[in-house]
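Q: Each chain is listed here by its residues.
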Amino acid sequence: MTDPSLPAPESWRDWLLTAEPHSRHQARLGRAYVTWRRFSDNHLAVTGLLIIVALVLVAVFADVLAPHSATFGNLAGARLLPPGSPGFLLGTDDQGRDILSRLIVGSRITLAVVALVAIIAAPVGLLIGTVAGFAGGYVDAVLMRITDIFLAFPKLILALAFVAALGPGIENAVIAIALTSWPPYARLARAETLGVRNSDYIAAVRLMGASPARIVVRHIMPMCLSSLIVRVTLDMAGIILTAAGLGFLGLGAQPPMPEWGTMIASGRRFILDQWWVVTMPGLAILVVSLGFNLLGDGLRDSLDPREAGR
Amino acid sequence: MTAIEASKPARRRRARGLAVNFGRFAIMLATTVLGLLAVTFFIGRVVPIDPVLAIVGDRAPAAVVERVREQMGFNLPLWQQFVVYLRQALTGDFGVSVLTTNPVMDDILRVFPATLELATVGTLIGAGLGVPLGVVAAVRRGSIADQIARVIGLIGYSVPIFWLALLSLLLFYAKLKWVAYPGRLDVAYEYTFTPITGLYLVDAAWTRQWDVLWDAFRHIILPGALLGYFSLAYISRMTRSFMLNELGQEYVVAARAKGLSEGRIVWFHALRNAAVPLVTVIALSYAGLLEGAVLTETVFSWPGIGLYITNSLQNADMNAVLGGTIVIGSVFIAINLFSDLLYRLLDPRTRAR
Chain A
1139 MTDPSLPAPE SWRDWLLTAE PHSRHQARLG RAYVTWRRFS DNHLAVTGLL
1189 IIVALVLVAV FADVLAPHSA TFGNLAGARL LPPGSPGFLL GTDDQGRDIL
1239 SRLIVGSRIT LAVVALVAII AAPVGLLIGT VAGFAGGYVD AVLMRITDIF
1289 LAFPKLILAL AFVAALGPGI ENAVIAIALT SWPPYARLAR AETLGVRNSD
1339 YIAAVRLMGA SPARIVVRHI MPMCLSSLIV RVTLDMAGII LTAAGLGFLG
1389 LGAQPPMPEW GTMIASGRRF ILDQWWVVTM PGLAILVVSL GFNLLGDGLR
1439 DSLDPREAGR
Chain B
1297 MTAIEASKPA RRRRARGLAV NFGRFAIMLA TTVLGLLAVT FFIGRVVPID
1347 PVLAIVGDRA PAAVVERVRE QMGFNLPLWQ QFVVYLRQAL TGDFGVSVLT
1397 TNPVMDDILR VFPATLELAT VGTLIGAGLG VPLGVVAAVR RGSIADQIAR
1447 VIGLIGYSVP IFWLALLSLL LFYAKLKWVA YPGRLDVAYE YTFTPITGLY
1497 LVDAAWTRQW DVLWDAFRHI ILPGALLGYF SLAYISRMTR SFMLNELGQE
1547 YVVAARAKGL SEGRIVWFHA LRNAAVPLVT VIALSYAGLL EGAVLTETVF
1597 SWPGIGLYIT NSLQNADMNA VLGGTIVIGS VFIAINLFSD LLYRLLDPRT
1647 RAR
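Residue numbers (our numbering), protein chains in the order written: chain A, 1139 to 1448; chain B, 1297 to 1649.
There is no bait here: all hints are sound.
Examples of chain B residues toward chain A, derived with CB under 10 Å:
| no. | residue |
| --- | --- |
| 1 | G1331 |
| 2 | V1335 |
| 3 | F1338 |
| 4 | I1339 |
| 5 | G1340 |
| 6 | G1584 |
| 7 | L1586 |
| 8 | L1591 |
| 9 | T1594 |
| 10 | M1614 |
| 11 | I1624 |
Result set (SDA-like, lysine to any residue): computed pairs, CA atoms no more than 25 Å apart in a straight line:
| no. | chain 1 | residue 1 | chain 2 | residue 2 |
| --- | --- | --- | --- | --- |
| 12 | B | K1471 | A | S1223 |
| 13 | B | K1471 | A | F1408 |
| 14 | B | K1471 | A | P1220 |
| 15 | B | K1471 | A | D1411 |
| 16 | B | K1473 | A | R1406 |
| 17 | B | K1471 | A | R1407 |
| 18 | B | K1473 | B | P1599 |
| 19 | B | K1471 | A | R1406 |
| 20 | B | K1471 | A | L1421 |
| 21 | B | K1473 | B | I1421 |
| 22 | B | K1471 | A | D1232 |
Listed next, with one range per pair, are the computed distances between beta-carbon atoms:
| no. | chain 1 | residue 1 | chain 2 | residue 2 | range |
| --- | --- | --- | --- | --- | --- |
| 23 | A | R1283 | B | A1484 | 47 to 55 Å |
| 24 | A | A1157 | B | N1317 | 48 to 56 Å |
| 25 | A | A1214 | B | L1405 | 48 to 56 Å |
| 26 | B | D1402 | A | V1425 | 43 to 51 Å |
| 27 | B | I1323 | A | L1332 | 20 to 28 Å |
| 28 | A | A1342 | B | N1317 | 35 to 43 Å |
| 29 | B | S1557 | A | R1175 | 35 to 43 Å |
Don't read these hints as lab results, they were simulated from the structure.
Even glycine gets a Cβ: it sits at the ideal position worked out from N, Cα and C.
With the rest of the complex left out, here is chain A (with noise of 0.2 Å):
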């Protein structure tokens, strides 16, 4: 490229890939590029995002994609219909409402569990992982030792405790959830800082004058997003499961809120003869924690190839 009378033939991939990026934005291209094909490389990984894209889309679209009601049923000529009756292509509970249309708006509660989770516990564990990695001496042994205690705990019988104490309900599910979800990514943050805290650029940031908050928030979370990222999507799986059981033991969300685990709860009565109450949303609960699952696993081994196949 040295002559500019002989302008090569640069495909997209070549300037994507190039050693030498003329600018930031380019080079950051690059880089997500070599992270996508990694990623696109594990079909597994792929049929999770698939799942999760899936999902969203469905619970984006629920009003439009659901052929019935969530809640009201029909009584009289529909209840307890088995899978692939004529309209009701999942049957019919109880009620008379149509499984299908139960599961498509249950999808809302479920990506909407999964996301608060993931928004108040994951920055809380950044924060405190960061400052704690970062400050050192007794900040960083007094967090680090509540951050063990909280992790110390078993995370569903403190879930338990919790919603016990605020009251069964879908709100109190999720501040019990995140209350027990976020040691692990202070733990990794922790990790992380330790990492880089002493590293020639921070030395850099801090000689023009950075202050600790501005060194933390700038310089040292964006270090530690990758693994974090890597392990809240692994931890989703974990998180609908946990949901899924406090519905099903009465405690997350209440009749008649279709969610999957207290659809579950519903069905477990007519369980001998009309098996597909229970069947269905037991199965949609194991897919879409299975995409989080294979999402996660593909993630961590583009974004971080020293754990690949573990």
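Knowing the structure of chain A, use the given hints to seat chain B on it.
A: Using the frame of chain A, we list chain B on its own:
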């Protein structure tokens, strides 16, 4: 193993290292249990129901409410209440269960063996199958066995346990009639069999009541196998990871160069080194099963601590819920820390520092 005579100073240093380990262990245990108690105390305080009103009823005159409040110590400053709470909790006094009218501690001691038995059976199944599966998956990377281990792991991490429990009851109990119905024993044995330890399998074998043993086995096998599956998913995945790590080490190359058989290298040399972190993993999965039994016990009407907690929850019996939380939490914490200690004891490399 060749016996290397440790020099006197080295031995003394080791002893001191052990003492430091035990000291740190004790401090960790104490602060963590203190934290657990602080959290349960906090939970007990934020309950929207006023515990005084719960006892005297909301129609009681103000003077009575005040007197009961004083009797129960709720007029004291919060920190004094916490000290009282700590003293009671540390002596095993969690109050009286509203539902059963027994002291909560008595209830818990009665139901705990059932959970212990179930978690033990689950861990035995999980470790017994999970370790060999993980080893084979690591040795034959990418083979059918590796794929099977991967699928088992993925589904184990993704499936709601209560749903799998319900479906397996439907299949193995209702349709195939291979296993007994929910509960620990058939009704016929329920009143004739007097437990000694509360672990029915042990009790029945000890007193040579083989029919009871068979019956208890038929009841425990399905919930035990389910919990075992979840621990299998975790243990096999970790075993595979540890084994891959060990098989890449130089001593394996040296052993191969020496002409040892592949089986000997894998099962004697590599597995032995992987065994140290594996003990920790198995202990952690055991602690996890004690907790995870809550949902399984609910589905199988297994009269353990999980069912006790959920029953109490549904009846707003906070003393019982918090007492159960503290007991499970303490056991969980103790196993966690103990596995950490065990790791330090078993792995000479952590001692050198």
